[in-house]
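Residue numbers (the working numbering), protein chains in the order written: chain A, 8 to 505; chain B, 26 to 147; chain C, 119 to 418; chain D, 25 to 113.
Check before you lean on any hint, since a few could be wrong.
Partial pick of chain D residues on the chain C-facing surface, computed with a CB cut under 10 Å [unchecked claim]: (1) A51; (2) V82; (3) M93; (4) K96.
Footprint (simulated), chain A over chain C, 3 or more residues, beta carbon under 8 Å [stated by the list, open to error]: (5) 204-212; (6) 366-375.
Hints are computed from structural coordinates only; laboratory data are not their basis.
Because the structure is a prediction, the values reported are computed rather than measured.
We put the beta carbon where it would ideally sit given N, CA and C, even for glycine.
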Amino acid sequence: MDFFRNFPFISIVFSLFSAVVCSLLPGKAARIWTIAAEAILALLSAGTLLYTVILGESVTYRMGHFGAPWGNEIRFGMLEALTALVFALVLLLSVTGGARYVIRDVPPKKINLYYLLINLLGAALLALVYTNDIFTGYVFLEILTLTSGGILMIREIGRTTLAATRYMILNLLGSGLFLLGIILFYDVTGHLLMPDMHEALLELGKSGEYALPLSVTTGLVCGGLAIKSGLFPFHTWMPDTYGFATPTSSAILSGLVSKGYIFLLIKIMTRVIGLDNPILTVARNILFLFGLLGIVAGSVLAIRQNSVMRMISYSSAAQIGYIYMGIGLGGTAGFAAAIFHLLTHAVTKPLLFLSAASLMEVSGDSPVFHDLQGAAHRNRGAGFLFTVGAMSMIGIPIFAGFTSKLLFSLAAIGHLPFKTFSVLVILAVSTILNTLYFIRTMIRIYTSPEGKKEDRTPFGPQLSCVLSGSVMAAMNVILGLQSQPVLALIERGLALFS
Amino acid sequence: MRNLVYNYEEAVAVVLFGIGFVTLLFHRNLIKKIIGMNIMDTGVFLFLASMGYVKGGSAPIYAENADFYVNPVPAGLVLTGIVVSVSVTAIMLSLAVRLHQRYGTLNLDEIYRIAREKINER
Amino acid sequence: MRIVDRIRRWLSESPDLLEDAGGIGETRDLPREVMRREQHEADRFLSEGAKSFDRKKFRTVYGILAAASAAILIGVLLTAVAALPRYGVENERMDEVADYYIDHALEDTGAVNIVSGMILDYRAFDTLGESFVLFTALNCVLILLRRDEPGEEGEDDYYDLTHDNILRKAGLVMVPSVILFGFYVMLNGHLSPGGGFSGGAVVGAGLILTAAAFGNAVSARIVTEKTFRILSGTALGFYCLAKSYSFYTGANGIESVVPLGTPGSIFSAGLILPLDIAVGIVVSLTMYGIYRMFRKGSLT
Amino acid sequence: MVFFKIVLLLLLIVCAVSAAFSKRLLASVIIFMAYSLIMSITWILLEAPDLAITEAAVGAGVSGILFLMTLKKIKRTGNEEKEEKDENR
Numbered sequence: 008m009d010f011f012r013n014f015p016f017i018s019i020v021f022s023l024f025s026a027v028v029c030s031l032l033p034g035k036a037a038r039i040w041t042i043a044a045e046a047i048l049a050l051l052s053a054g055t056l057l058y059t060v061i062l063g064e065s066v067t068y069r070m071g072h073f074g075a076p077w078g079n080e081i082r083f084g085m086l087e088a089l090t091a092l093v094f095a096l097v098l099l100l101s102v103t104g105g106a107r108y109v110i111r112d113v114p115p116k117k118i119n120l121y122y123l124l125i126n127l128l129g130a131a132l133l134a135l136v137y138t139n140d141i142f143t144g145y146v147f148l149e150i151l152t153l154t155s156g157g158i159l160m161i162r163e164i165g166r167t168t169l170a171a172t173r174y175m176i177l178n179l180l181g182s183g184l185f186l187l188g189i190i191l192f193y194d195v196t197g198h199l200l201m202p203d204m205h206e207a208l209l210e211l212g213k214s215g216e217y218a219l220p221l222s223v224t225t226g227l228v229c230g231g232l233a234i235k236s237g238l239f240p241f242h243t244w245m246p247d248t249y250g251f252a253t254p255t256s257s258a259i260l261s262g263l264v265s266k267g268y269i270f271l272l273i274k275i276m277t278r279v280i281g282l283d284n285p286i287l288t289v290a291r292n293i294l295f296l297f298g299l300l301g302i303v304a305g306s307v308l309a310i311r312q313n314s315v316m317r318m319i320s321y322s323s324a325a326q327i328g329y330i331y332m333g334i335g336l337g338g339t340a341g342f343a344a345a346i347f348h349l350l351t352h353a354v355t356k357p358l359l360f361l362s363a364a365s366l367m368e369v370s371g372d373s374p375v376f377h378d379l380q381g382a383a384h385r386n387r388g389a390g391f392l393f394t395v396g397a398m399s400m401i402g403i404p405i406f407a408g409f410t411s412k413l414l415f416s417l418a419a420i421g422h423l424p425f426k427t428f429s430v431l432v433i434l435a436v437s438t439i440l441n442t443l444y445f446i447r448t449m450i451r452i453y454t455s456p457e458g459k460k461e462d463r464t465p466f467g468p469q470l471s472c473v474l475s476g477s478v479m480a481a482m483n484v485i486l487g488l489q490s491q492p493v494l495a496l497i498e499r500g501l502a503l504f505s
Numbered sequence: 026m027r028n029l030v031y032n033y034e035e036a037v038a039v040v041l042f043g044i045g046f047v048t049l050l051f052h053r054n055l056i057k058k059i060i061g062m063n064i065m066d067t068g069v070f071l072f073l074a075s076m077g078y079v080k081g082g083s084a085p086i087y088a089e090n091a092d093f094y095v096n097p098v099p100a101g102l103v104l105t106g107i108v109v110s111v112s113v114t115a116i117m118l119s120l121a122v123r124l125h126q127r128y129g130t131l132n133l134d135e136i137y138r139i140a141r142e143k144i145n146e147r
Numbered sequence: 119m120r121i122v123d124r125i126r127r128w129l130s131e132s133p134d135l136l137e138d139a140g141g142i143g144e145t146r147d148l149p150r151e152v153m154r155r156e157q158h159e160a161d162r163f164l165s166e167g168a169k170s171f172d173r174k175k176f177r178t179v180y181g182i183l184a185a186a187s188a189a190i191l192i193g194v195l196l197t198a199v200a201a202l203p204r205y206g207v208e209n210e211r212m213d214e215v216a217d218y219y220i221d222h223a224l225e226d227t228g229a230v231n232i233v234s235g236m237i238l239d240y241r242a243f244d245t246l247g248e249s250f251v252l253f254t255a256l257n258c259v260l261i262l263l264r265r266d267e268p269g270e271e272g273e274d275d276y277y278d279l280t281h282d283n284i285l286r287k288a289g290l291v292m293v294p295s296v297i298l299f300g301f302y303v304m305l306n307g308h309l310s311p312g313g314g315f316s317g318g319a320v321v322g323a324g325l326i327l328t329a330a331a332f333g334n335a336v337s338a339r340i341v342t343e344k345t346f347r348i349l350s351g352t353a354l355g356f357y358c359l360a361k362s363y364s365f366y367t368g369a370n371g372i373e374s375v376v377p378l379g380t381p382g383s384i385f386s387a388g389l390i391l392p393l394d395i396a397v398g399i400v401v402s403l404t405m406y407g408i409y410r411m412f413r414k415g416s417l418t
Numbered sequence: 025m026v027f028f029k030i031v032l033l034l035l036l037i038v039c040a041v042s043a044a045f046s047k048r049l050l051a052s053v054i055i056f057m058a059y060s061l062i063m064s065i066t067w068i069l070l071e072a073p074d075l076a077i078t079e080a081a082v083g084a085g086v087s088g089i090l091f092l093m094t095l096k097k098i099k100r101t102g103n104e105e106k107e108e109k110d111e112n113r
């Protein structure tokens, strides 16, 4: 049992190593190797979760021969292991489900480069989840930015190159601000490891010196990561990026990459700055405000869209707003709701993107609603999966979306009247807006134009897509119905987080 | 502000960061944006390295005549940063080449206009 | 009345011609006659005063917002810098970690150059991530610029510099010295300033100079496609395995078998020398590969 | 020594401003290469020799060459006068 302790370290280094192997393999072998590697990652994360649940406390794993303040270390508890498990599973399912679109969109000789970037992306995500050192967080955040840009620009149509340029410029601006924030932290506290920084910050808090640099640092770190994860004023790159990329890439980008940045932000907030810090409450309120604006703006803009892919991208901008609303609410209830919604959205969004992509495929490859009419009859599996994803986004009780909305409203109870009121109103308004555009889409894909006999596509090629989609749908339903054990895990993990 | 005179190295680094930030936001040509991004990065690294400097300290390599050394940690971090900024420059420049092959210009406003026209008259 | 009209139009899903600010716009692939009908109706709709999206207005609003945010950011940063610890004076908070490195680097890592010791031993996980950032950059450039079909050559026929005698003669003198200096910096990483990244960059610049001065054919013979892939793969693989060995032994308290050797001699400082060579190879091949992708789109 | 450091820093700012606001792309790339050379001298003054070698080899060396290659590819495909007009906007 004690060997399970090495699993996080093995999972990160193994996926880095399998990226190197993918560079030497041809396309098809690289795909099989990557799917096997992601499956192993999922197993290792499950093992870590088992180990941490049995152990009951968080483990710090020393990377190298030297102890805490000098060497480098990773730290994992229940919450990190659960997030790593969900990320690894979603990555595995997106890759298996979306293999067809990679073969369709990516030039044949560069398919192994695509799978190479997927492996690196997996390694960077796990490193962001597990790291206990803030500069290691920056390095793997940079790898995540470059690999997500890479899987975006691999589809060789003009619009993806343009969308990739815009995505990279804004993202690199965000990581520049984040790096400046880290540097100010290092200058003031003298440490790079999160627990030591926290002690130094507590001393500084008591003696009250460097108040201005600390508030500037919190602003830079929160602003940088908000820009990167696409919070409200910085969400303009999302529709072009997710709309025109390969469906697999947009599933991974929207489901996992922005979640990695938010998880790092939550870790810095709880472990470095500390939740009782007055500067942090101001920063969280600002994020709360932008989260609310993001929910409304994302939903309103999603209604106006004419292409199903852009509609889903705007709705994911709104969901990012939900998570920041949870962070803004604060307290264990607020953070637990935010992390629960982070996991729900990581499971639901790839499902929506992949099923929308297969619906598009059977309706002449055009994402416009006009052509999607009756697509669900032509491809029953994808229609059903899209409905499951849409139901969860609206918040129908069986699915996870309902539980996360319930958690948000419960978390909002204990706060100042205007905060509780604004959260409940925004939840209601956004549910109505979600219902508007998702029900409209569902009506459209199920009503074929006047009496046209829809010829059903053969089930053969759809197998891997529908299979992985249904596993994601099953995860969604499990999160929805069995949310209590997951929530308990999150709450115990949060308690051990700092 | 008197303190700004003492921290002149870090003040210059922040000014460089500002120049890079402004170039990145205002220039429409992609190559100018990449140069601005590079200036921004070097500004941040100058800020980081000037933190570790101690007046009269010698380079962090063991030598008999050195009485005390400069802080080695920022030097290590900036080395990582320089390699990151080279990789970012290489990727953005190859994106610029591909954009120019496809749209014929590097002015982002022009490219948006052409991209939008190409969509409508499919 | 217009709102109801718009909702009716929206429900009957005819395309809404107002595009959002700054985006590329929706993909509208309607059949030809539907397009014409929509166009006629759209003109009527637009002429009713609902001004369509105006590029100029967006540019000025963006300009003002960007200028304001840039000014606020720089002003705040300057005031923060004024309140930071003094430049050039011992920062006692930072010294706790720095003094440990300065005092113990020699006997812990065996490296005379404390920065190399810190990069490749104390904080080795960052540097592992670092060389994978370079590996990602190489692959993104390969994705964008590599041309697989031989036919696509024509477009950028370069002004070939090889028959330029000045560069060729200068190349004959400079290339060996640059590459020699690069290897020196790489191999002495743990003794004198330099190390994997600096040495690799210098050797990379040397390889680029050979490609520029003596033409693609000569440099393609030195670094063929196969050796490029195999060499960079094995160098990164070795680097990954060596570092995970030292992480694993460190984390579980097993004494690592790598000897530290006598400080000052070449074969000292345990794993740092082989790691420097591996990182040097990766960096130089990446720089050379990126240059060749920009120049000719293929390594042959 | 401090005077020399201040001169270098002022030179850095002048180079950054002129690289940012110069009209022709080729001029701003060359000024940027000079900027990274001055930066590498600043690293030496800040007692960080590793960074000096890396910045010299990488700043002026590799990214400088990549910038010039991009300009050559652009000049090669776009016609000359259109490029001039395009740069000034």
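Output the numbers, in ascending order, of every earlier hint that fails for this structure. 1
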